[in-house]
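Chemist: Each chain, written out:
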Amino acid sequence: MTGGSTPGSMEPLRLALSRYLPSQDILIQPEELRPFESDGLTAYRQVPGLVVLPETEQQVQAILRTCHEFNVPVVARGHGTGLSGGALPHGQGVLLSLARLNSILFLDPLARTARVQPGVRNLAISDAAAASGLYYAPDPSSQIACSIGGNVAENSGGVHCLKYGLTVHNVLRVRMVTLEGEILELGSEALDSPGYDLLALVTGSEGLLGVVTEVTVRLLPRPVTARAILAAFDDVEKAGAAVARIIAQGIIPAGLEMMDGPAIRAAEAFVKAGYPVTAEALLICESDGTPEEVESEMGRLRALLDDSGALETRLSVNEAERLKFWAGRKAAFPAVGRLAPDYYCIDGTIPRRSLGQVLKRIYALSHEYGQEVCNVFHAGDGNLHPLILFDASKPGELEQTEAFAARILELCVEVGGTITGEHGVGVEKIDQMCVQFGVNELHAFHGIKSVFDPSGLLNPGKAIPLLHRCAELGRMHVHHNHVPHPELPRF
Amino acid sequence: MEHVLAEMQEKIRHAHAVGMSLRIVGGESKAFWVCPDAQEILTVSGYSGIVDYEPSELVVTVRAGTRLAELEALLSENGQMLPFEPPHFGPHATLGGTLACGLSGPRRFAVGSARDFVLGVRILDGLGNDLSFGGRVIKNVAGFDVSRLMVGSLGSLGLMTEASLKVLPKPVCEITLEWPLSESEAIGLTNRWAGMPLPVSATSFEGGRLRVRLSGSEAGVMSAASKLGGDKVDSGEEWWRSLREQTAPWFHTGKPLWRLSVNSCSPPLGLSGSVLVEWGGALRWVASDHLPAQLYKTAQDHGGHAQLFRGGDTAHPKGSPLPPVLRKINRKIKQQFDPKSIFNPGIPSWL
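Sequences listed follow chains A and B, in order. So the first sequence is numbered by our numbering: it starts at 2 and just counts up by one. So the second sequence is numbered by our numbering: it starts at 244 and just counts up by one.
Just so you know, the hints here were simulated from the structure itself, not pulled from any lab data. Computed from a predicted structure; not experimentally measured. Where a beta carbon is used, it is the ideal one built from N, C-alpha and C, also for glycine. One thing to keep in mind: the hints can contain errors.
Below are the EDC-like pairs computed for lysine to aspartate or glutamate, each with C-alpha atoms no more than 16 Å apart in a straight line [said to hold, decoys possible]:
| hint | chain 1 | residue 1 | chain 2 | residue 2 |
| --- | --- | --- | --- | --- |
| 1 | B | LYS254 | B | GLU283 |
| 2 | A | LYS361 | A | GLU281 |
| 3 | B | LYS470 | B | GLU421 |
| 4 | B | LYS571 | A | GLU186 |
| 5 | A | LYS325 | A | GLU269 |
| 6 | B | LYS571 | A | GLU183 |
| 7 | B | LYS498 | B | ASP532 |
| 8 | B | LYS413 | B | GLU461 |
| 9 | B | LYS470 | A | GLU293 |
| 10 | B | LYS575 | A | ASP454 |
| 11 | A | LYS273 | A | GLU322 |
| 12 | A | LYS361 | A | GLU411 |
| 13 | A | LYS239 | A | GLU281 |
| 14 | B | LYS571 | A | GLU181 |
| 15 | B | LYS571 | A | ASP454 |
| 16 | A | LYS395 | A | ASP343 |
| 17 | A | LYS361 | A | GLU415 |
One-sided and incomplete, this derived list gives chain B residues near chain A with beta-carbon spacing under 10 Å [to be verified]:
| hint | residue |
| --- | --- |
| 18 | ASN434 |
| 19 | ARG435 |
| 20 | PRO442 |
| 21 | GLU461 |
| 22 | ILE572 |
| 23 | SER592 |
Here are some chain A residues the structure puts well away from chain B; computed CB gaps all over 12 Å [said to hold, decoys possible]:
| hint | residue |
| --- | --- |
| 24 | SER19 |
| 25 | SER24 |
| 26 | GLN30 |
| 27 | ARG101 |
| 28 | ALA365 |
| 29 | LEU467 |
Just chain A, same shape as in the assembly (with noise of 0.2 Å):
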């Protein structure tokens, strides 16, 4: 998985680029490549053949368009948070680096929009808006590190999103580079824009389609209070049917996070956040909005809680409570990771009636493999994350996670759930794109690509599977039970 370029293949392609970038922001030596080999998913590594560390939109384009020249695969990377191994490098390629485009370009206070180049921190821009009483609703947990580009690329979602919705909710605009070097204005300053809605297609495209300059986002006005409940059960499935009533009854909390009993007593033991360690659910729910509204919905939470058979329901009294609580919770993978030397988290989405059911299968699976899982919940929205530990020191310990991980995400299928809610497909989950979808939405997928990239050359080997790969896996979709193309072959 290291290889990497042969020493002196990059060379003509340096000499090309050069002319567009000072030397400096041209990498090629092997220790200069070394810290852009993996982003968040480390199990994944591949030093590039060079990297390009551009300030303007003008060397983006210049770099592109000499990339498509010489034919070279090109690899848009953020501030490299992400989970699926989506700006993994390619060994003969670019790595093309946005994070020096890092400008708050304009605030409007009174439109509530924020115009931002795509390496600007998701949370520099709820930082900047803050003076005027606005922010950036997504809130993916590495906020305080992920770039605005990369939450493009992903769909980014977040704690909040079931209120609030995920990056393509609150993108207005997106200016982006084709490879062919052509700049695409998708959106508007308005609401709607004419042509097919290209803005939603790119947004969560994982950088298969053009590489993103230029971000125009919406702001919120911030709540004036927030408070949060949390709520302990002895039943996973307890806590399940709580979250349904919940919603059913017309609630949407702001937060809805479930853990179970392993992941409570990991974070209990790693940040005492006061949580009940003999619990085998916790549910924390978050209300926010203005202090009359807030007031009714936690009056309303409480007893929903305590009359689905909570063992306790603990309201924040204080801010610094509220934040006691969620402390737990956002600990909760460096608190699991305190278990074993490697954890591997998982991105399940799942409709939320078979919460129980699925639960139990992941219980029933850890027994066969062998292997401790712990499970963080975005039970608003389905959305699962199962952390299994394990050991890479131990030879073949992390093929088996991967078997596992692949199993749990074929359960999400199955019951009518999806492989990813918000860490996207990336290197990690493109064999389950073989269980998700079949071969004709994998083509129209490609199709796409196709119009965007016709060579090809942009993140390959990403987030849609080749065909022939899907056949060779044994694990091609029988969809609505026909087989689509009888006519091609398989192989």
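Got chain A sorted already, so can you dock chain B onto it with the hints?
Modeler: Frame of chain A, contents of chain B only:
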């Protein structure tokens, strides 16, 4: 129902084989706006019914020929709604037609548009292939977002046969307030309010009168109402319905009706004729005899676009042209899904 689907699929395969054009028809409620001329009609209204609905999932899966009124009645029985408040423009409106047109009503301002609530679609493409994209869950980033691409594509990429939508609870309490104001005061005020944590769910301005709808919990709505002042409008619900359905007297001037979608902060556009402002300033309806080119330019100057909505040539509705680079991509997308251009010839106007 599967035989209805098979019949539609057969019709498309035949049309593809012989190069015959098809006009996709739901309830014909929007034929005043989009009415392509084709060799044959492909009716979807027979493919109807709710496929799956579990209120606690906040997701409903519906066949495209289902009447919008039927779907909304079912959601309402369960205290839920289609959040984007789509216009019906007639009793026979179908969900498929609603999504293909991509129209959203007054609440779009606060919660998002039709495309924002689409989670998955099943379509028959121009070869008759039965394709499914997205899913029935709220968060899903597997594959390109073809579901949202279909919304507003006016049936030009494929026949939508089924869609899954996110729904939301109906607000417990709604009230409407009004103020006598000038257009520019109303635009300024609604933009300022939109930046404050207030439960504003719709706005309208016409004839020197700003109306604002507040939606949410009773406590939240009452507290906001006391902050904002204004006069309470008793027939509020009726007003927003007449705005959504364009039955309000304002819409019947006899002049062509243009829809200008612009930056919400744009000042009054300075066009002659009568103006109705929605979506906190982001949507301007203009009833006037201006030449299209002038409306396109005005909309562009204010960060948006213009479409002819009523009056004029419905077979080829007019709208702001796309920049050449985007037009090229739009045409290639059409080519991918409907290579022989059998669906709804002549539309969309941007191709």
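Chemist: Work down the list of hints and note, for each, if the structure agrees.
Modeler: The hints, checked one at a time:
no.	hint	result
1	B:LYS254 <-> B:GLU283	holds, 10 Å
2	A:LYS361 <-> A:GLU281	holds, 13 Å
3	B:LYS470 <-> B:GLU421	holds, 13 Å
4	B:LYS571 <-> A:GLU186	holds, 13 Å
5	A:LYS325 <-> A:GLU269	holds, 11 Å
6	B:LYS571 <-> A:GLU183	holds, 11 Å
7	B:LYS498 <-> B:ASP532	holds, 6 Å
8	B:LYS413 <-> B:GLU461	holds, 12 Å
9	B:LYS470 <-> A:GLU293	holds, 13 Å
10	B:LYS575 <-> A:ASP454	holds, 12 Å
11	A:LYS273 <-> A:GLU322	holds, 12 Å
12	A:LYS361 <-> A:GLU411	holds, 15 Å
13	A:LYS239 <-> A:GLU281	holds, 10 Å
14	B:LYS571 <-> A:GLU181	holds, 14 Å
15	B:LYS571 <-> A:ASP454	holds, 13 Å
16	A:LYS395 <-> A:ASP343	holds, 11 Å
17	A:LYS361 <-> A:GLU415	holds, 14 Å
18	ASN434	holds, 5 Å
19	ARG435	holds, 7 Å
20	PRO442	holds, 8 Å
21	GLU461	holds, 7 Å
22	ILE572	holds, 6 Å
23	SER592	holds, 8 Å
24	SER19	holds, 28 Å
25	SER24	holds, 32 Å
26	GLN30	holds, 35 Å
27	ARG101	holds, 26 Å
28	ALA365	holds, 22 Å
29	LEU467	holds, 14 Å
Every hint from the earlier list agrees with this structure, and none is contradicted.
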